[in-house]
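**Student:** Listed below, chain by chain, are the residues.
There are 2 protein chains.
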Amino acid sequence: MKNNILEIAKNAKNAFLTTMNLDISVKNEALKKIAKNLEKNKNKIFEANNLDLKEAEILLKNNKINTSTYNRLKLDENKFKDMIKGIYDLIELDDPVNQIIWQKELDSDLILKKISTPIGLIGVIFEARPDCLVQISSLVIKSGNCAILKGGSESINTNKTIFEFIETALNNTEGFEKNVLNLIFSRDDVKKMLEADEYINLIIPRGSNALVKYIKENTKIPVLGHASGICHIFVDESADFENTTKIIIDAKTQYPSACNAVETLLIHKNYPYFDELKKTLKNKEIKLIENPENYSTEYGDKILSVKIVNNIEEAIKHINKYGSGHTDSILSKDDKNIEKFMKYIDSSSVFANCSTRFSDGFRYGFGAEVGISTNKTHARGPVGLEGLTIYKYELFGKNNIVNDYTSGKKTFKHKFI
Amino acid sequence: MKNNILEIAKNAKNAFLTTMNLDISVKNEALKKIAKNLEKNKNKIFEANNLDLKEAEILLKNNKINTSTYNRLKLDENKFKDMIKGIYDLIELDDPVNQIIWQKELDSDLILKKISTPIGLIGVIFEARPDCLVQISSLVIKSGNCAILKGGSESINTNKTIFEFIETALNNTEGFEKNVLNLIFSRDDVKKMLEADEYINLIIPRGSNALVKYIKENTKIPVLGHASGICHIFVDESADFENTTKIIIDAKTQYPSACNAVETLLIHKNYPYFDELKKTLKNKEIKLIENPENYSTEYGDKILSVKIVNNIEEAIKHINKYGSGHTDSILSKDDKNIEKFMKYIDSSSVFANCSTRFSDGFRYGFGAEVGISTNKTHARGPVGLEGLTIYKYELFGKNNIVNDYTSGKKTFKHKFI
Numbered sequence: 012m013k014n015n016i017l018e019i020a021k022n023a024k025n026a027f028l029t030t031m032n033l034d035i036s037v038k039n040e041a042l043k044k045i046a047k048n049l050e051k052n053k054n055k056i057f058e059a060n061n062l063d064l065k066e067a068e069i070l071l072k073n074n075k076i077n078t079s080t081y082n083r084l085k086l087d088e089n090k091f092k093d094m095i096k097g098i099y100d101l102i103e104l105d106d107p108v109n110q111i112i113w114q115k116e117l118d119s120d121l122i123l124k125k126i127s128t129p130i131g132l133i134g135v136i137f138e139a140r141p142d143c144l145v146q147i148s149s150l151v152i153k154s155g156n157c158a159i160l161k162g163g164s165e166s167i168n169t170n171k172t173i174f175e176f177i178e179t180a181l182n183n184t185e186g187f188e189k190n191v192l193n194l195i196f197s198r199d200d201v202k203k204m205l206e207a208d209e210y211i212n213l214i215i216p217r218g219s220n221a222l223v224k225y226i227k228e229n230t231k232i233p234v235l236g237h238a239s240g241i242c243h244i245f246v247d248e249s250a251d252f253e254n255t256t257k258i259i260i261d262a263k264t265q266y267p268s269a270c271n272a273v274e275t276l277l278i279h280k281n282y283p284y285f286d287e288l289k290k291t292l293k294n295k296e297i298k299l300i301e302n303p304e305n306y307s308t309e310y311g312d313k314i315l316s317v318k319i320v321n322n323i324e325e326a327i328k329h330i331n332k333y334g335s336g337h338t339d340s341i342l343s344k345d346d347k348n349i350e351k352f353m354k355y356i357d358s359s360s361v362f363a364n365c366s367t368r369f370s371d372g373f374r375y376g377f378g379a380e381v382g383i384s385t386n387k388t389h390a391r392g393p394v395g396l397e398g399l400t401i402y403k404y405e406l407f408g409k410n411n412i413v414n415d416y417t418s419g420k421k422t423f424k425h426k427f428i
Numbered sequence: 012m013k014n015n016i017l018e019i020a021k022n023a024k025n026a027f028l029t030t031m032n033l034d035i036s037v038k039n040e041a042l043k044k045i046a047k048n049l050e051k052n053k054n055k056i057f058e059a060n061n062l063d064l065k066e067a068e069i070l071l072k073n074n075k076i077n078t079s080t081y082n083r084l085k086l087d088e089n090k091f092k093d094m095i096k097g098i099y100d101l102i103e104l105d106d107p108v109n110q111i112i113w114q115k116e117l118d119s120d121l122i123l124k125k126i127s128t129p130i131g132l133i134g135v136i137f138e139a140r141p142d143c144l145v146q147i148s149s150l151v152i153k154s155g156n157c158a159i160l161k162g163g164s165e166s167i168n169t170n171k172t173i174f175e176f177i178e179t180a181l182n183n184t185e186g187f188e189k190n191v192l193n194l195i196f197s198r199d200d201v202k203k204m205l206e207a208d209e210y211i212n213l214i215i216p217r218g219s220n221a222l223v224k225y226i227k228e229n230t231k232i233p234v235l236g237h238a239s240g241i242c243h244i245f246v247d248e249s250a251d252f253e254n255t256t257k258i259i260i261d262a263k264t265q266y267p268s269a270c271n272a273v274e275t276l277l278i279h280k281n282y283p284y285f286d287e288l289k290k291t292l293k294n295k296e297i298k299l300i301e302n303p304e305n306y307s308t309e310y311g312d313k314i315l316s317v318k319i320v321n322n323i324e325e326a327i328k329h330i331n332k333y334g335s336g337h338t339d340s341i342l343s344k345d346d347k348n349i350e351k352f353m354k355y356i357d358s359s360s361v362f363a364n365c366s367t368r369f370s371d372g373f374r375y376g377f378g379a380e381v382g383i384s385t386n387k388t389h390a391r392g393p394v395g396l397e398g399l400t401i402y403k404y405e406l407f408g409k410n411n412i413v414n415d416y417t418s419g420k421k422t423f424k425h426k427f428i
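Here the protein sequences line up with chains X and E, keeping their order.
Start counting the first sequence at 12; every next residue gets the next number (the working numbering).
Start counting the second sequence at 12; every next residue gets the next number (the working numbering).
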């Protein structure tokens, strides 16, 4: 069993050679069967989740996990409903693969097509959130990829049970091979997975910054993930009081531990309502730290770093220096300043006059979210199904040779059709 | 000087904050000035190249480099002309960045735009080919990126001289900061560059498989490169004699050391002209190795592995197993088999009835080529300017907060506009 993970990876890679061309009707049929099978076995899933929760209560008492981990682990009626709805929403989306992106005549008898394709075998490592397993499995199926999945150890019973029902549904869908989805359990397995660069094309870690960092440092496989979410709001001279307060409160308190929550306020020195703003935020139990030692702290709590800046240039410089390239917003009535901010902030999402919390795949209308990427290759910002795709080139000839073109006998047309 | 490379990287990263928004007229002006400055100083460049060639002759005599390295190093009138023409061709291309990819109403007062952007700071390591330095510098400038460049040590004098004239041209172009392009020289510098993941967003190695492999193993930065070019031609039962021969000869002999040259022939067992084909290829001085021990050899010479297969399924299986995902071609008159081949070969370029040698950025009409990628993320196949770009999201609001949508007070429209 020493090479177990390599065997799993090899078999999954073989399965990909069929999933990559599955008809959209087959993929949607599989998703429908998964949704129905999970609904039918809801009680068993909740039972398994209760087992995990009992273990987690002990861990919680001994401070080995925190309340937010416990809450994420806990499945309830609402989460279950959202989980199922997520699958049906995904069914409604168009096939993200095997679409012609463009086609071009290289010559009148030589047609080049750029076709969207799935990537291949994807390794996903996610925290102890049972809904995450369902969401990721559905995304992988819809996009025609294969995956090796590792969930947080605290959710092991829930994951095993959910995975069993997903697997049964796939086995009952004509066209689906075995080995498309694979659940693994130990940290040692993850280590081996990170080494399987011969078979695995992409690693997606969903979890803490520490997890993402560990993974980036321990694999040659491309990693899609975000480093951290140091998001800023710059309050320009011309911003008003009411909207500024409303947006900051939303961006900080609507879900303080989200990566798109604001961490730092930059206030223009001539902003006229700074004192009232501070008072209002304090009333909302937001702690303000003026001139902190470190401007790169992701509080994940109702705390904000605050800095006065002399002008928009200083704000832009500060954000590009201390930010994490995630999401930054300007509040301003000055169109020129808004334009400058949008152009010169080098972040995946740059906003004007709205809350940083909009930075999210569902809110962007992607239907489902793989995660948020602060990478600057492959996929950036909120990543939907598109992040699980790449493309290939298909060239249809009529016995053409290159020598006719290098010799000057023929010339390329390069005409989009 | 210990942190010299880190300093260079930091300064280049700062320069990127201006190059990312340069107007296309400024970038084209810089390219024009570079072309003119190189033309004006042609003699000095040839003098520097002669210095390198003298050193290289000694290396060649002592078998420390081979003839093909020497030939690539040698600049001649034709190469110089092509080099300059390449710059003018690039000027003609549209700006690859700061274009709206799509825009969408999240709500009537909340507009999301997806905008193409340059990536940032790119590290390029290339072989001793002086034309490579010019080509890469031009691509980097046109796409609004910044770069650290390391050329093969044999071309050090030519590179220094060319780089000097590029730099003068940039310094004479209003809008261009210093530090946009940076030339480094030692292997030790490369090692430090590979460690500078805080500043560098992408590494592009252009050279041998060994170089690409070394780089992938020694950096956390994403790498865009191809592993190897094990390209196949599958000769189906229905292929004729004349075109089959013509295409194989083109794919093998037109430039045998190119990565898109064919390495393995798979012949359907019922192909009627196998004996004549073998005879003709041998007459063209192509050595055929039937049933070789290793089907993953990139000969880079006029040698071909040959295997008889029972059917197209066996051919597809062979290619997906032994190929490198670069370029594979089917020669057939059977439309169903062609369709099957195009769908089930998991390579970056899949061809029907034409030479594998068409797999190339210029031939695909990309104007210029960064390289050919067998990666399955970011960019795949021949990579043009697009491979040096990514995107960001700009969201324009009117004081919108997320809580209005999660509370059900408002709903998203998600309408493309």
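Don't take each hint at face value.
Note: identical chains are not told apart, hence a pair may lie in one copy or across any two.
Using 30 Å as the maximum straight-line C-alpha spacing, the simulated DSBU-like pairs for lysine-lysine come out as follows [unchecked claim]:
(1) Lys424 - Lys224
(2) Lys313 - Lys409
(3) Lys318 - Lys344
(4) Lys96 - Lys203
Since the hints were made in silico from the structure, they are not lab data.
**Student:** Taking the hints in turn, state whether each one holds.
**Tutor:** A quick look at each hint next to the structure:
In this homomeric assembly, Lys424 and Lys224 never come within 30 Å of each other (Cα to Cα): the closest approach is 47 Å inside a single copy and 36 Å across copies. For the identical chains of this complex, Lys313 and Lys409 are inter-copy neighbours only, at 24 Å across copies versus 66 Å inside a copy, given an alpha-carbon limit of 30 Å. In this homomeric assembly, Lys318 and Lys344 come within 30 Å of each other (Cα to Cα) only inside a single copy, at 20 Å, whereas the closest approach across copies is 71 Å. Taking the shortest Cα distances, Lys96 and Lys203 never come within 30 Å of each other, neither inside one copy (34 Å) nor across copies (49 Å).
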